[in-house]
Amino acid sequence: MGRPEILHGNLSRAVGEIPSKASLAAESRPGLEAEVARYLPQLGRMSEQLKQTSKQIEESVVGVCDSFQGIAVRARATVARATGFLGNDGPSDSGKQSFEGLIEACSGTLVKIMHTTVEAGDISRRAIERIEDMDAASQQISDALGQLDQITNSNRMLAFNARIEAAHAGSAGMGFAVVAVELAAATVKSRSVTAQVGELALNLRALAESTLEDLRRMNEKDSERIEQCRQEVDAALRDLQAAHSEMAEMLNGMTADGALLATDIGAAVRGLQFQDRISQRIGHVIADLDTLSARLETHVGNVAPSATAIDEGFSAYTMREERKVAGIDEAEASAGDVELF
Amino acid sequence: MKRVLIVDDSVSMRQMVSFTLREGGFEVIEAEHGQDALDKLQSSPVDLVITDLNMPVMDGITLIQNLRAQPAMKTKPILMLTTEGLAGKKEQGKAAGATGWIVKPFDPEKLLQTVAKVLP
Chain R
1 MGRPEILHGN
11 LSRAVGEIPS
21 KASLAAESRP
31 GLEAEVARYL
41 PQLGRMSEQL
51 KQTSKQIEES
61 VVGVCDSFQG
71 IAVRARATVA
81 RATGFLGNDG
91 PSDSGKQSFE
101 GLIEACSGTL
111 VKIMHTTVEA
121 GDISRRAIER
131 IEDMDAASQQ
141 ISDALGQLDQ
151 ITNSNRMLAF
161 NARIEAAHAG
171 SAGMGFAVVA
181 VELAAATVKS
191 RSVTAQVGEL
201 ALNLRALAES
211 TLEDLRRMNE
221 KDSERIEQCR
231 QEVDAALRDL
241 QAAHSEMAEM
251 LNGMTADGAL
261 LATDIGAAVR
271 GLQFQDRISQ
281 RIGHVIADLD
291 TLSARLETHV
301 GNVAPSATAI
311 DEGFSAYTMR
321 EERKVAGIDE
331 AEASAGDVEL
341 F
Chain L
342 MKRVLIVDDS
352 VSMRQMVSFT
362 LREGGFEVIE
372 AEHGQDALDK
382 LQSSPVDLVI
392 TDLNMPVMDG
402 ITLIQNLRAQ
412 PAMKTKPILM
422 LTTEGLAGKK
432 EQGKAAGATG
442 WIVKPFDPEK
452 LLQTVAKVLP
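Keeping their order, the protein sequence lines are chains R and L.
Counting in my numbering, the first sequence runs from 1 upward without gaps.
Counting in my numbering, the second sequence runs from 342 upward without gaps.
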């Protein structure tokens, strides 16, 4: 804020004391001309100061605008990535599966596992039913064997009585005795086979019982596991859905923020255009200064300055660039230098 | 993608207009004065020209007159974007063949709306 006042002060000093052409023509004022000649170089320096100031402002605004562009590009990229990841706007650029897609895939897999487990339980239950049927059939075999055993006993008694009757018949019963002996032998064999089958049926029943017991235990555990799995799957799906909802909400927030950011950047872009207006106004002032300087030069170009180059106002300059334009180029710290005392 | 030529001697103005138009989905070419614009148009045809008025080498009015003399640019929209708001200057622009006149500072959203209106 200080520099324009200084420039303005210098200009007033330089221009305010300049008499009109008419008065110069009316009376010769060599002292005044010498004074103007003394201040004239300062007009050129002021013009240069303004040019440099305008350039610095433009460079700053270009830098700020660059930053805004970077912010806008990054904000847009972030929203695009988030949208792609969540799956609300098709697959992400990276080609990776979206979060929504992952949830669907996980849900599908979990549901398949559940179905497979439930099917395994059903198969196990059906196996139990079949083995129970087999056990019942074994029981029926045992019952049938009991009846067969009774028949065998009857046959054995029949063979015994037949042999007695054959003995009573003497030689006439010889053939009948042979039949009775064969019948007794067949009865013995039949009993042996019946006993073997009975033993096999018992073994089969025992085996069926133990298998049934194992299957029932397994089925019971399976049911517990299925229920546990179902609860865990439900919880996992709920968690995934909750995470998805939360991320979607976050994305919506980011999108809204992005829109606000775009509005803010738009306002900033409009605001930053002050630089163009200022540059133009400074340009016009520079043109006026150059014209003024040229005109004064025609009047006092050959006049010796009243004193050597002035240094008034230079003490107010605070920057190296200012002092350089004024012809004061001393060794000094540059912008960004740090010195600790 | 529609292509726009921005002609302005101010680096920052070119940057801000470019930024706004690129955000709006346009391809942008930049030129720093009228002659530069004519040179660039020889190799890169555009759908719209947005030009400043006061520029070194060749000003905006002369540029428009030159462009309207070219068959390829006879009917293409040309917008003036300038700090100048005097009615007389506007008339000069209109007479030269400008499609519209926007006074700086521009509002990015309005600029995009205007561009959408003048582009077929």
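Do not rely on the hints blindly, as some may be mistaken.
Under the rule of at most 20 Å between Cα atoms (straight-line distance), these lysine to any residue pairs were calculated in the SDA-like manner [unchecked claim]: (1) Lys431/L / Arg277/R; (2) Lys55/R / Ala235/R; (3) Lys451/L / Arg270/R.
Just so you know, these hints were derived from the structure itself, not from any lab.
Just so we're clear, the structure is a prediction, and the values are computed from it rather than from any experiment.
> Holds or violated: Lys55/R with Ala235/R, Cα cutoff 20 Å?
Replying inline: violated (64 Å)
> Straight-line Cα separation of Lys451/L and Arg270/R no greater than 20 Å?
Replying inline: Holds - the C-alpha atoms of Arg270/R and Lys451/L are around 11 Å apart, at most 20 Å.
> Given the hint that Lys431/L pairs with Arg277/R, does the C-alpha gap stay at or below 20 Å?
Replying inline: At roughly 18 Å apart (the allowed maximum being 20 Å), Arg277/R and Lys431/L satisfy the hint.
Violated hints amount to a single one, hint 2; each of the other numbered hints is respected by the structure.
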